[in-house]
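Guided by the hints, dock chain B onto chain A, whose structure is given.
Number of protein chains: 2
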Amino acid sequence: MELWYTEQHTENVQFSIKVEKQLHTEQTEFQRIDILEAKEFGKFFTLDGLMMITEKDEFIYHDMIVHVPMATNPNIKKVLVIGAGDGGTIRELTRYKTVEKIDMVEIDKRVVDVCREYFPQVSCKLDDERVNIFFEDGLKFVRTKENEYDLIIVDSTDPFGPGEGLFTKEFYGNCYKALNENGILVNQHESPYYDNDALAMKEAHEKVIGFFPIIKVYQAHIPTYPSGHWLFGFASKKYHPIKDLDANAWNELGIETKYYNTDLHVGCFALPNYVKHMLKGLTK
Amino acid sequence: MELWYTEQHTENVQFSIKVEKQLHTEQTEFQRIDILEAKEFGKFFTLDGLMMITEKDEFIYHDMIVHVPMATNPNIKKVLVIGAGDGGTIRELTRYKTVEKIDMVEIDKRVVDVCREYFPQVSCKLDDERVNIFFEDGLKFVRTKENEYDLIIVDSTDPFGPGEGLFTKEFYGNCYKALNENGILVNQHESPYYDNDALAMKEAHEKVIGFFPIIKVYQAHIPTYPSGHWLFGFASKKYHPIKDLDANAWNELGIETKYYNTDLHVGCFALPNYVKHMLKGLTK
Numbered sequence: 001m002e003l004w005y006t007e008q009h010t011e012n013v014q015f016s017i018k019v020e021k022q023l024h025t026e027q028t029e030f031q032r033i034d035i036l037e038a039k040e041f042g043k044f045f046t047l048d049g050l051m052m053i054t055e056k057d058e059f060i061y062h063d064m065i066v067h068v069p070m071a072t073n074p075n076i077k078k079v080l081v082i083g084a085g086d087g088g089t090i091r092e093l094t095r096y097k098t099v100e101k102i103d104m105v106e107i108d109k110r111v112v113d114v115c116r117e118y119f120p121q122v123s124c125k126l127d128d129e130r131v132n133i134f135f136e137d138g139l140k141f142v143r144t145k146e147n148e149y150d151l152i153i154v155d156s157t158d159p160f161g162p163g164e165g166l167f168t169k170e171f172y173g174n175c176y177k178a179l180n181e182n183g184i185l186v187n188q189h190e191s192p193y194y195d196n197d198a199l200a201m202k203e204a205h206e207k208v209i210g211f212f213p214i215i216k217v218y219q220a221h222i223p224t225y226p227s228g229h230w231l232f233g234f235a236s237k238k239y240h241p242i243k244d245l246d247a248n249a250w251n252e253l254g255i256e257t258k259y260y261n262t263d264l265h266v267g268c269f270a271l272p273n274y275v276k277h278m279l280k281g282l283t284k
Numbered sequence: 001m002e003l004w005y006t007e008q009h010t011e012n013v014q015f016s017i018k019v020e021k022q023l024h025t026e027q028t029e030f031q032r033i034d035i036l037e038a039k040e041f042g043k044f045f046t047l048d049g050l051m052m053i054t055e056k057d058e059f060i061y062h063d064m065i066v067h068v069p070m071a072t073n074p075n076i077k078k079v080l081v082i083g084a085g086d087g088g089t090i091r092e093l094t095r096y097k098t099v100e101k102i103d104m105v106e107i108d109k110r111v112v113d114v115c116r117e118y119f120p121q122v123s124c125k126l127d128d129e130r131v132n133i134f135f136e137d138g139l140k141f142v143r144t145k146e147n148e149y150d151l152i153i154v155d156s157t158d159p160f161g162p163g164e165g166l167f168t169k170e171f172y173g174n175c176y177k178a179l180n181e182n183g184i185l186v187n188q189h190e191s192p193y194y195d196n197d198a199l200a201m202k203e204a205h206e207k208v209i210g211f212f213p214i215i216k217v218y219q220a221h222i223p224t225y226p227s228g229h230w231l232f233g234f235a236s237k238k239y240h241p242i243k244d245l246d247a248n249a250w251n252e253l254g255i256e257t258k259y260y261n262t263d264l265h266v267g268c269f270a271l272p273n274y275v276k277h278m279l280k281g282l283t284k
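The listed protein sequences derive, respectively, from chains A and B. Each residue of the first sequence is one higher than the one before, counting from 1 in full-length UniProt numbering. Each residue of the second sequence is one higher than the one before, counting from 1 in full-length UniProt numbering.
One chain only, chain A, in its complex shape (with noise of 0.2 Å):
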C-alpha cells in the first residue's frame, strides 16, 4: 500500500509526502500531535496535521530564527524562548557560551515529552544546565517579567489554536517590557505568498509595529512550509539588524552553520518588492 500525508497550503494547494510508516500519534489537551517517518525528509513532526518540523531541513528554520539575532548582539546572556518545543532552538542558543539563562515556555509538555523520544539529535540540548523549562502558557508567563531579558524568540504555531495569543498587541506590549534596553524580539512571521498566510503576516506585523523603534522582516527558504518562502520578524530597542552587525566577530566564534552565514544575514533582509509593499508602512 501507499501512505500519503497531505497538507492542504490552501484550499486548492496541495503538498504531499509519501510516508513509511507514522510512529506517533496523540490528542493533548491543547491539540493533535502526529510523528511520521519519510523516505524523502526522515522523521518529521506535525501539529493539528500541520508541518513543524522534519529531519531533513529543520537546520533551516533553527539557523534562522537563532543566529541573526545573536550574531546582531554578541553581548546576549539572558533568552525567553516561547514555545519551541523540539528544541531546536534550544540547541542553537546553547551554542554560545557568552548565553548565561534559557528560559523557555512551552504550553504542551506532551510536545516535549514525544521530541526527546524521536528527535533527539533535535532536542539534544533541553537537559543544557543553563536552560529552565516552563510548561505555562507563554502569554501569562512573559506578564510578570520586566526589564530581564536580551532577547525573546517566538518559536510558535500559527496564529490561530494554542499559539494565538502569541500574536496579539497585549503580548508583543508585555514583550516590550519583559526586554531590557538592548532588548530584540525574533518572531515566526508567516509567509508573503498565499493570501491567507499574508493576511496572518500583516496582522500580526500591524500588532508590532507600536512597541519597537526598529521593525525589520527577513526571509528564508524553508520548502517544507506553505510556498517555501518564510518570514521572521525582527523588533529591536536599540540594536539595527545590518548596521550593528560585526560579521567577523561572529565568524570569529567558529560556529559552523548548514544553513546561515554572515553574507545571509544582510541578504535575508532584501525582500522582494511585492513583500515590501505588502508590509508598507509596517517596518522601520
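To be clear, the hints were calculated from the coordinates, so they are not data collected in a lab. Owing to the predicted nature of the structure, the values given are computational and were not obtained by experimental measurement. For every residue, glycine included, the Cβ atom is placed at its ideal position computed from N, Cα and C. Worth double-checking, as some hints may not be accurate.
To give an idea of the chain B side of the interface with chain A (calculated C-beta under 8 Å), a few residues [unchecked claim]:
1. Asn-12
2. Asp-34
3. Lys-39
4. His-221
5. Pro-223
6. Trp-250
7. Gly-254
8. Lys-258
9. Asn-261
10. Gly-267
11. Pro-272
12. Tyr-274
13. Met-278
Derived PhoX-like pairs: lysine-lysine, alpha-carbon spacing no greater than 25 Å straight-line [to be verified]:
14. A:Lys-280 with B:Lys-258
15. B:Lys-276 with A:Lys-56
16. B:Lys-207 with B:Lys-177
17. A:Lys-56 with B:Lys-280
The following block gives chain B in isolation, referenced to the frame of chain A:
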C-alpha cells in the same frame, strides 16, 4: 467533481493544484503542452507535465532572469534568448530602451503559438520590432555566432528532453564564443534542495566553470517550482554582478518590478552554506 494537477517533485513528494478546467492539451513534435486554469494560480502551463509558468508568480522568474544581468551592465544592447517561448523574458527585456536587438531561439513554435493565445500579458512583447524569433535548436543556432552578443539568457526547461543540449559543455563553449568581451550568460539552474535537482545543478555547473572567469549562482523564491528554492547561474567575461552593480543608475531607469530590486540583487547572491558547499570549487 474535483480535478487536480499533480507534479511529482520527487518520487516521494507531490505538489497538487486544484484545477477549474483544462483549457488546452497537445503533443507537439517535441513535447506535451497543457494549459490549465486554477483558482489559486490563474492560468498555468506545463511541458511534459512539469510546471513552466503561472499567472500568479511568473513575474518572479522573469524579473530574476532578466534584471540581474541588465542591472549589472547598463550598456547591454544585443541579447540572445534561448527557449523562453512564453515570452516573459522578452517582455522584461523590451522595457530597456537601450536594448537594440533581441534574437530569440525557441525549438518549439507551438509553445509560442499557444502562449500567444492563452497568456497575452506574458507574450505581449513578442512582436516588438527589436525581437527576431527563430524556431530552431538553440544548440545549433549558437554554433554559428561569434563575438555578437552582450548577453545570452538560457531560459530552458530541465536538462532532459528538448532542453538537454542546453546543459552541455559544447553549448557553453559556443555561448562563450558568441558573446563579445563584455559578455554575460545567465541560465536557469535548477534547485539545491531535492537530490535529483541538486545533481542536475552541479552537473550543469561543472560544465560551465572552465569557460568564464566569473561564475556565480543566485537564488529566488519561486513557490511553484520544486522546493520553491530556485537558482540561476551567472557566468561573465568581465562584469562582476555585485562589484559592478550601479544601483542608482538602475533605479533611475524607473522600471517598476514586483520582485526585483537592487538590494535584493545583492542579497540574492548570498547563498546558504549547504548550497555553497555543493558548489565548492564550482564558483569563482
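Consistency of the hints with the structure:
Given the 8 Å rule on beta carbons, the hint for Asn-12 of chain B holds: about 4 Å separates it from the nearest Cβ of chain A. Using the Cβ-Cβ criterion of 8 Å, the hint placing Asp-34 of chain B at the interface with chain A is not satisfied: the shortest such distance is roughly 17 Å. With 8 Å as the threshold, the beta carbon of Lys-39 of chain B comes within range of chain A, its nearest partner Cβ sitting at about 5 Å, so the hint holds. Given the 8 Å rule on beta carbons, the hint for His-221 of chain B holds: about 4 Å separates it from the nearest Cβ of chain A.
Using the Cβ-Cβ criterion of 8 Å, the hint placing Pro-223 of chain B at the interface with chain A is satisfied: the shortest such distance is roughly 4 Å. At about 13 Å, the closest approach between the beta carbon of Trp-250 of chain B and any beta carbon in chain A exceeds 8 Å, and the interface hint on this residue is violated. Among the interface hints, the one on Gly-254 of chain B is violated; its C-beta lies about 14 Å from the nearest C-beta in chain A, farther than the 8 Å criterion. About 5 Å separates the beta-carbon of Lys-258 of chain B from the nearest beta-carbon of chain A, less than 8 Å, and the hint is met.
About 5 Å separates the beta-carbon of Asn-261 of chain B from the nearest beta-carbon of chain A, less than 8 Å, and the hint is met. With a least beta-carbon distance of about 3 Å to chain A, the hint placing Gly-267 of chain B at the interface is held under the 8 Å criterion. Taking 8 Å as the C-beta cut-off, the interface hint given for Pro-272 of chain B holds, the closest approach to chain A being about 4 Å. For Tyr-274 of chain B, the interface hint holds, since its Cβ comes within 8 Å of a Cβ in chain A; the closest pair sits about 5 Å apart.
Taking 8 Å as the C-beta contact cut-off toward chain A, the hint placing Met-278 of chain B at the interface is violated, the least distance being around 11 Å. Straight-line distance between C-alpha atoms of Lys-280 of chain A and Lys-258 of chain B comes to about 14 Å, which keeps the hinted pair within the 25 Å bound. Taking the CA atoms of Lys-276 of chain B and Lys-56 of chain A, the gap is near 17 Å; set against the 25 Å cutoff, the hint holds. Our distance criterion of 25 Å between C-alpha atoms is met by Lys-207 of chain B and Lys-177 of chain B, whose separation comes to about 15 Å.
Of the pairs offered as hints, the one joining Lys-56 of chain A and Lys-280 of chain B holds, with about 21 Å between alpha carbons and a cut-off of 25 Å not exceeded.
Violated hints, listed in ascending order, are 2, 6, 7, 13; each of the other numbered hints is respected by the structure.
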